[in-house]
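Asks: Here is how the chains run, residue by residue.
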Amino acid sequence: MVQHRYLGEFEQVILLALMRLGPEAYGVTIRREIQERTGRRVSLGAIYPTMDRLEGKGLVRSYVGSPTPERGGRAKRHFRLEARGFEALNRSRELFAALWSGFEPQIDSRSE
Amino acid sequence: MKSLTEGASRFFRIVSRFLPAKHRRHILGDIFEEYQNDVLPRTGRKAEFWLWGRLVESIVTDAALRLRYRLSDRQPDHGAASDPWIKEYVELVFVAGLSLCRSSASRKTRFRRRLGADSRAFHWNRYCHLQRR
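Taken in sequence, the protein lines are chains A and B. If you read the first sequence in my numbering, its first letter stands for residue 10, the second for the next number, and so on. If you read the second sequence in my numbering, its first letter stands for residue 15, the second for the next number, and so on.
Just chain A, with the same shape it has in the complex (with noise of 0.2 Å):
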């Protein structure tokens, strides 16, 4: 049988700002998604070793774009979903909805 791991709750949010986000993924845009989305403040300091570890798991390729004025002339290093972060985080969405089904009653009745 195959075991899989499954995603931390950051690895997660972060793959779901870059399926979001297209080939427009890079620092900035990650940590704007994130925020405007869950209203969680995310730093850059902590993106960037989050990725490293997706990386070297083979979720998620990295590569450099083009050097911008704005930037200081320094490179945009933009990040991309591979098929087996789709498959990661697919298995962590059938995870918790396994887990959370039949409770859908019992939640509703206690947030109201």
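The set of hints was computed from the structure by calculation and includes no laboratory data. Among the hints, erroneous ones may be present.
[What the hints assert, rightly or not] Taking lysine to any residue and the SDA-like style, the derived pairs with C-alpha atoms no more than 20 Å apart in a straight line are:
1) A:LYS66 <-> A:MET28
2) B:LYS36 <-> A:PRO76
3) A:LYS66 <-> A:GLU96
4) B:LYS36 <-> A:ARG89
5) A:LYS66 <-> A:VAL22
6) A:LYS66 <-> A:GLN21
7) B:LYS36 <-> A:THR77
8) A:LYS66 <-> B:ARG84
9) A:LYS66 <-> B:LEU85
10) A:LYS66 <-> B:ARG82
11) B:LYS60 <-> B:GLN50
[As the list claims (entries may be wrong)] Which stretches of chain A does chain B cover? Using the computed rule of at least three CB atoms under 8 Å from a CB of chain B, they are:
12) 31-37
13) 43-55
14) 58-66
15) 83-89
Ideal placement from N, C-alpha and C gives every residue a C-beta, glycine not left out.
With the hints as your guide, set chain B onto chain A.
Replies: Just chain B now, with coordinates in the frame of chain A:
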């Protein structure tokens, strides 16, 4: 403020060396992009504080998160029992301990020799003194 983005101040550059070399240029580029586009037009003179705050925050978060990932990767669940980092760490501690022992041993030896020499000199002087009497 332009000088900070184009030719960042020397101290800023020194502090930014604490960012990981692999991503230093990208993180600094991201910080400067936000600074130029969002912060500078909005905050004016306070922008420099924002820049410093963002730099320090990035350094601290990056270091903390890398450490956290390394520690969590050591768990058997993550299959990191053969993680070379552990080996490196153990070797480093071993070598540091060994060199400490060596240095303390050589210090002890030097001390003993010196003590011995002093003691011999003391007894010789005392012997001479008694002979003279």
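Asks: Return the numbers of the hints above that this structure violates; sort them in rising order.
Replies: Of the numbered hints, all hold.
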